[in-house]
Amino acid sequence: MEAIGVRITGTGSYLPERVVTNKELETIVDTTDDWIRTRTGIEQRHFAADDEPTSALGAAAAERALDAAGMTPEEVELIIVATITPDKIFPNTACFVQQRIGAVNATCFSVEAACSGFLYILDIGAALIRSGMVRNALIIGAEKLSSIMNWDDRSTCVLFGDGAGAAVLQACAPDQNHYLSSKMGSDGAHTDILHIPAGGSAYPICQEVIDQKLHYLAMSGQEVFKLAVNTMASAALEALAHSPIDIDQVRWLVPHQANVRIINSVAKRLRLPEDRAYINLPKYGNTSAATIPIALDELVRNDLVKQDDYLLLVAFGAGLTWGASLIQW
Numbered sequence: 002m003e004a005i006g007v008r009i010t011g012t013g014s015y016l017p018e019r020v021v022t023n024k025e026l027e028t029i030v031d032t033t034d035d036w037i038r039t040r041t042g043i044e045q046r047h048f049a050a051d052d053e054p055t056s057a058l059g060a061a062a063a064e065r066a067l068d069a070a071g072m073t074p075e076e077v078e079l080i081i082v083a084t085i086t087p088d089k090i091f092p093n094t095a096c097f098v099q100q101r102i103g104a105v106n107a108t109c110f111s112v113e114a115a116c117s118g119f120l121y122i123l124d125i126g127a128a129l130i131r132s133g134m135v136r137n138a139l140i141i142g143a144e145k146l147s148s149i150m151n152w153d154d155r156s157t158c159v160l161f162g163d164g165a166g167a168a169v170l171q172a173c174a175p176d177q178n179h180y181l182s183s184k185m186g187s188d189g190a191h192t193d194i195l196h197i198p199a200g201g202s203a204y205p206i207c208q209e210v211i212d213q214k215l216h217y218l219a220m221s222g223q224e225v226f227k228l229a230v231n232t233m234a235s236a237a238l239e240a241l242a243h244s245p246i247d248i249d250q251v252r253w254l255v256p257h258q259a260n261v262r263i264i265n266s267v268a269k270r271l272r273l274p275e276d277r278a279y280i281n282l283p284k285y286g287n288t289s290a291a292t293i294p295i296a297l298d299e300l301v302r303n304d305l306v307k308q309d310d311y312l313l314l315v316a317f318g319a320g321l322t323w324g325a326s327l328i329q330w
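Just so you know, we're using my numbering here: the sequence shown kicks off at 2 and counts up by one.
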């Protein structure tokens, strides 16, 4: 079989209408705007409406990506959604997106890799295209994190927001290939430092779970910080090592948007100037699997990425999971 390249032919993103500033959070939880900005870099975030599930966010981003790619929903062969806030435990959220956008010919499934999710599905989508199994894939990172936040835990409830980002991958000739290399990883020894303690088959929902708020997100922040910096920097270097590209040639580091200090620490480890790390965290907070595709869409729509630019995407999430992908625009 002849070699097949993979191109990103369209991007899209969607942020819910409601904007919640740090000042507004001061009226809800025991925190301050200064405390949040100093420790995270976050200034505001978007929250979805009660009747706006994850699939609605994902569908809105998907429609914009398809429009940018010049494709109709009926032409989509594969939909993959990365999320930790599915509409329901089952069916998978990709099927709900399919229904919303009318992609009647698509095969659909979802991936749960937390904040690394978009890079995981980028890898999967690219691999399936290169195998010849499909000619295109619509990949979506979408989250409604406001639905799993514990408003009694001020250390976590100020961090997250809702949103979605999407990209269209299409088969192409090898000399038009965008997807150069990647490195993914996981470490199940740290499953309890960033998780929802209950609600699954190991600890099903019951009155005790609800009373103790164990069905909401919980995190050990200091452990996460250290592991995030180490794993993202290492994955980025490994992805570069599997390519002919040097770090000095990278135009943009596009990191998972969790904390400005984490992002700057990763850039420092890579010896990359901070102004080449794309940051939109102050506007949106941490949207988990949606952070990287939202950032990618902003770069494209604001003409901040040019043809042949190298972009290094890096992420870290619960699991632990992590990854890095090197693409040439």
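What the hints contain is simulated information worked out from the structure, not anything from laboratory work. All values reported here derive from a predicted model rather than from experimental measurement. Mixed in with the good hints, there may be bad ones.
In the DSSO-like style, the derived pairs of lysine-lysine whose C-alpha atoms are separated by at most 27 angstroms in a straight line are [claimed, not checked]:
| # | residue 1 | residue 2 |
| --- | --- | --- |
| 1 | K24 | K89 |
| 2 | K269 | K284 |
| 3 | K89 | K269 |
| 4 | K307 | K269 |
Quick rundown of the hints versus the structure:
1. K24 <-> K89: Roughly 32 angstroms separates the two Cα atoms, so the pair is violated.
2. K269 <-> K284: Within the cut-off at roughly 23 angstroms; holds.
3. K89 <-> K269: Outside the cut-off at roughly 40 angstroms; violated.
4. K307 <-> K269: 24 angstroms, holds
The structure fails hints 1, 3 (numbered hints given earlier, in ascending order).
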